[in-house]
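Peer 1: Take a look at the letters that make up each chain.
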Amino acid sequence: MKGARAARTTVALKLAMAVSGFVFVSFVLAHMYGNLKAFAGHDAFNEYAHHLRELGEPLLPHEGALWILRLGLILSLVVHVVTGIALWRRAARARTTKYVKKRDTGASKASLMMRWGGLTILVFLVWHLLNFTIGKVNPQGGATDDPYNLLVDTFDVWWMTLIYLVAMVALGLHLHHGVWSAAQSLGWTGTAAKRRRAKNIGFITAVVIAGGYSLVPLAVLAGIITK
Amino acid sequence: MNLTLKIWRQPDRDTPGAMHTYEVADVSPDMSFLEMLDVLNEQLNDKGEEPIAFDSDCREGICGTCGLMINGDAHGPEVTTTCQLHMRSFKDGETITIEPWRSDAFPVIKDLVVDRGALDRIVQAGGYISVNTGSAPEAHSVPVPKEDADRAFNVATCIQCGACVAACPNGSASLFMGAKVTHLGLLPQGQPERDERVVNMVAQHDHEGFGGCTNIGACTAACPKEIPLDVISQLNKDLRTAIRHGH
Ligand code: HEM
Ligand code: SF4
Ligand code: FES
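Just so you know, the sequences run in chain order A and B.
Numbering of the first sequence is given in my numbering, commencing with residue 57 and proceeding in unit increments.
Numbering of the second sequence is given in my numbering, commencing with residue 342 and proceeding in unit increments.
Bear in mind the hints are in silico, worked out from the structure with no lab data behind them.
There may be inaccurate statements among the hints.
To be verified - Just some of the chain A residues that point at chain B, by a computed CB distance under 10 Å:
no. : residue
1   : 63
2   : 66
3   : 74
4   : 147
5   : 246
6   : 279
What the hints assert, rightly or not - Think about it this way: if two alpha-carbon atoms lie no more than 30 Å apart in a straight line, the pair counts; the simulated DSSO-like pairs of lysine-lysine are:
no. : chain 1 : residue 1 : chain 2 : residue 2
7   : B       : 347       : A       : 158
8   : B       : 432       : A       : 165
9   : B       : 487       : A       : 157
10  : A       : 250       : B       : 347
Unchecked claim - Distance windows between CB atoms, simulated:
no. : chain 1 : residue 1 : chain 2 : residue 2 : range
11  : A       : 109       : B       : 533       : 54 to 60 Å
12  : B       : 420       : A       : 271       : 39 to 45 Å
13  : A       : 64        : B       : 376       : 55 to 61 Å
14  : B       : 529       : A       : 64        : 28 to 34 Å
15  : A       : 109       : B       : 465       : 35 to 41 Å
16  : B       : 537       : A       : 271       : 32 to 38 Å
C-beta atoms are modelled at their ideal positions from N, C-alpha and C, and glycine is treated no differently.
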C-alpha cells in the first residue's frame with residue numbers, strides 16, 4: 057500500500073494524535089462560545105441550543121448538521137484515544153526495568169501528566185454527556201427539558217461546580233502541553249523562535265479555554281446567572 | 342572528598358542485577374567522574390573483588406561511550422559527558438546513585454555497560470548518503486548556504502551517546518534520529534535519499550523497541566551536545582513529507 061510503511065510509524069501516530077487534538081480544540085472553542093451565551097439569559101441560550109439542531113435545514117434533516125459534527129468528534133475521539141493508548145503501551149515496553157533514581161530534568165509537569173490527565177478528561181466527558189446530553193441528569197431533581205434551567209440547577213450545586221472546575225484544570229494542563237506538542241508533531245516548530253511562539257500559543261489557549269469554561273459555573277454559583 | 346556510591350551490579354545479560362553500596366575516600370574534586378570510579382575499582386581489585394564494569398574510550402567528550410545515569414540525570418548534573426564531569430560538581434559526604442542507561446533496546450551487558458547497537462542499526466537503516474568513492478570532489482562544486490552549513494554542523498555534533506534515550510520518560514530515540522535527519526537533510530548531498538532515510542530510520546527505531554516521542558524535552562536537557570528540540574520537529578516534518586510522497 058502506498059504510504060503504508062511511513063504511516064505505521066510512531067511519528068505517524070503522533071500526527072494522528074495532533075490532528076484529532078486540533079479537531080477537539082476547534083470544537084471546544086465553539087462549544088465555549090455557546091456556553092458563554094448563558095450570560096445573555098434564558099432565551100438567548102436556549103435559542104442557540106435549539107438553533108444548533110436546525111443548522112443546515114432544509115438541506116439537511118433535523119439535527120443533520122449536528123450529527124455530522126458529532127460523527128467527526130466521535131471519529132476524532134477514537135483516533136485520539138487509540139493512538140494515545142498505543143503510545144502509552146510502547147513507552148511502557150521501552151523501559152521495563154525502572155531507574156532506582158530518576159529526575160525528569162527539563163520536563164514540564166504538564167507534559168508528564170498528558171496520559172493521566174487525558175484519562176481524567178475522558179472520565180469527565182462521560183459524566184458530562186450523561187449530565188447534559190444523553191442522560192440529562194438534574195442533580196436537584198427538577199425538569200431536564202429546558203437546557204438553560206438544567207444548567208443553572210446543575211451549577212447551583214457546589215460539588216457539581218467543583219467537578220467541572222477540576223476537569224477544566226485537567227483540560228488546561230492538557231492543552232498547555234498539547235497545543236505546542238501538536239505543532240511540534242506536525243513539524244511546525246523547526247526553530248527556537250517558532251517553538252517559543254508555539255509554547256506561548258499553547259499557554260494562552262489553555263488559559264482562555266479553562267478560564268472561559270469556568271466562568272459559567274462560577275457565575276451560577278455566585279448568583280450572577282439565575283433562573 | 343568522601344562519598345557513598347550506590348551502583349548497579351549485574352554479572353551478565355541474563356543474570357538479574359541489584360544495587361550495591363560502596364564507600365570511597367580521599368576523592369579529589371579535580372578528578373573526573375570516571376577517574377573516581379577508577380579509584381574505586383583499584384580498591385576493589387586490592388580486596389580481590391570484581392571491579393565495576395563501565396564503558397569509556399576517549400575520555401574527552403567526543404566518542405559517546407561513557408554514558409551513566411548519575412543521581413537520576415543522564416551524564417550527571419552538568420551539560421556534558423560523564424567523562425568530562427568533575428567531582429567538584431558533588432558535595433563531600435554525598436550519596437551518588439549510579440545506574441546503566443535503562444532502555445529495553447539497550448540491554449545491560451555487565452554492571453554499567455549497555456549494548457547501544459540499536460543506535461548503530463538506526464544509522465545503518467538510513468543515516469548515510471551514497472557517494473562515489475575515489476578522488477575527493479572539488480569542494481566548491483556544490484555550494485551550501487552558510488546558515489545551513491552551520492546548522493548541519495551543529496547537529497552533526499551528536500556523539501550517539503544515547504543520553505536522550507536514557508533521559509526520555511518514553512524511552513524514545515527521537516532526538517538522536519532528529520539530529521541525523523536534520524544534519525543530512527540540510528545538505529545537498531542528503532537530498533536523494535531524504536524520504537527513504539526518515540522512513541527507514543523511524544521504522545528501525547520502532548522495530549528496536551524505542552518508545553514514541555511526546556515532546557517532553559528531557560532529551561535535550563540531558564544531551565551533552567545541546568542538540569535542540571527543533572530537530573524532532575524536522576524529523577516529524579520529513580516523515581509527513583515522506584507520507585505525502587507515498588513512502
Ligand atoms: C478524551 C480524552 C482524552 C484523552 C484520553 C487524551 C489523551 C492524550 C494523550 C495520551 C496525548 C499524548 C501525550 C503527549 O503528547 O504528551 C494527547 C495529546 C493531545 N491532546 Fe489529548 N486526550 C483527550 C482529550 C483531549 C481534548 C478534549 C483535547 C482538546 C481540547 C485534546 C488535545 C490534545 C492535543 C492538542 C494533543 C497533542 C497532540 C500531539 O502532541 O501531537 N485532548 N492526548
Ligand atoms: S542527541 Fe545528544 S543525547 Fe542523543 S545521542 Fe546524540 S549527543 Fe547523545
Ligand atoms: S569516554 Fe568518550 S565521550 Fe566520554
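Peer 1: May I ask which of the numbered hints given earlier this structure violates, with the numbers listed in increasing order?
Peer 2: Structure breaks hints 6, 9, 10, 13, 15, 16.
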